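Visitor: Each chain is listed here by its residues.
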Amino acid sequence: MTHFEAVQIIGGHLTNQIVVSNVGNTNRELYSVKKHRLILYGVQISLVTPLAFGLAKGIPSRKVIALDGDGSLLMGLGVLATIATNPADNLLIIVLDNGCYAACGWYPTASGKGTDLAGIATAAGIKNVRNVESAEGLSAALEDCLKNNGLAFIRARVESGPLEKAFEPLPFDTLEGTYRFRQALSDEGLVEPWHDVTPVHYTFSK
Amino acid sequence: MRGSTSRHSAKNALSIYQGIKKAGINFLSYVPETWTKEVLKLLLQDKDIESVGATGEAEAMAIAAGASLAGKRPMVLMEGSGYSSGTYVLSRLGLMHHIGWLMMSSHAGGIGEVAYYHWDIRLVGEPLLSTLRIPYCVVQRIEDAETLIREAQLTVEGQKVPAAVLLPHHILWEESV
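Note that the protein sequences, when read in sequence, are chains A and B. For the first sequence, this note's numbering gives the first residue as 1, with consecutive numbering after it. For the second sequence, this note's numbering gives the first residue as 1001, with consecutive numbering after it.
Bound-form chain A, shown alone (with noise of 0.2 angstroms):
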């Protein structure tokens, strides 16, 4: 399984989750496939799963999805001991490991040299940690944990290696990206609308 095809298979699952994207071709490469209002795109390395987190705890009535990466993931580790332990039952944690900092020439990280990274979640605590490797793999542990209440983690191999097509960027920017994401959930009634702040006495009539 290509890391285009893991994205696309989960971009085929994508309905009403709010989604957390890391960086990279991960970003452009669901960008093509889903054009999902909920994605908050081009969070950087090692934060995916920690803001992920902290949107599943501030709205547990809907399925919050970390999109991570194993070089992410990696930079910050003791993120997975704070889940286990403050469990969100609305998150779902995705790691699609492809041994490698792609966008940055393929060195291997960690994983790639056999660190264990669905062992280190089970270590940590998480009870529901899957560990696939092909499509259909993916795509039945996909199908399961969203449909499933409880706090869950995916491992995914994926092929390392050049791309064989280059993604278009993204039509906006990482500031743009946000508001546009904050607007889905206002629309989506999550959250209360966002709105300027008017001081007021400007609202004081004479």
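Any given hint might turn out to be false.
Which residues of chain A face chain B? A few of them, derived with a C-beta cut under 7 angstroms, are [unchecked claim]:
#1 Leu-47
#2 Leu-51
#3 Phe-53
#4 Lys-57
#5 Gly-58
#6 Ile-59
#7 Ser-61
#8 Ala-81
#9 Thr-178
#10 Val-191
#11 Glu-192
Worth flagging that the hints you see were computed from the coordinates, not collected in a lab. Model, not experiment: these values are computed from the prediction. Each residue gets a CB set at the ideal place from its N, CA and C atoms; glycine is no exception.
Given the coordinates of chain A, work out where chain B should sit on it, guided by the hints.
Guide: Relative to chain A, chain B alone:
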């Protein structure tokens, strides 16, 4: 010598907690530290504030950023050294994504600090916040705590940026000399 007779000011910790409540904070991510432990104790006892203990300050900030996007009023409670370890999060999620959250910390960089191991915090704490253009205030009188916490939270919500409230030694401790 400072430290041998110092004890936490329960009265001031209560005032700070009450200020946090009045500012509407309803989500807490934290890394425990010595100076603010009485404030943390009060926050953890409050069933209306959801709390998450993080493994580090950067992680605590990223969790707070997510909670902020989710419509919560989050606060990060930590040691002042957290601004150093959280710089990356402040610049990425605070400046680039324009996500706001309140931060509260000890202010070991204040005048009167004697611990040598706080030298680095004294040296880079406030300059770091200034460099990152993070609005912050130092609570010099406990009577001002409620107002400053409220104003800092208003800055978070209005400007959509992180903001910090720093608590010096004389605010958190009694018999400090």
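Visitor: Give me the numbers of the hints this structure contradicts, sorted from smallest to largest.
Guide: Per hint list: single violation, 7.
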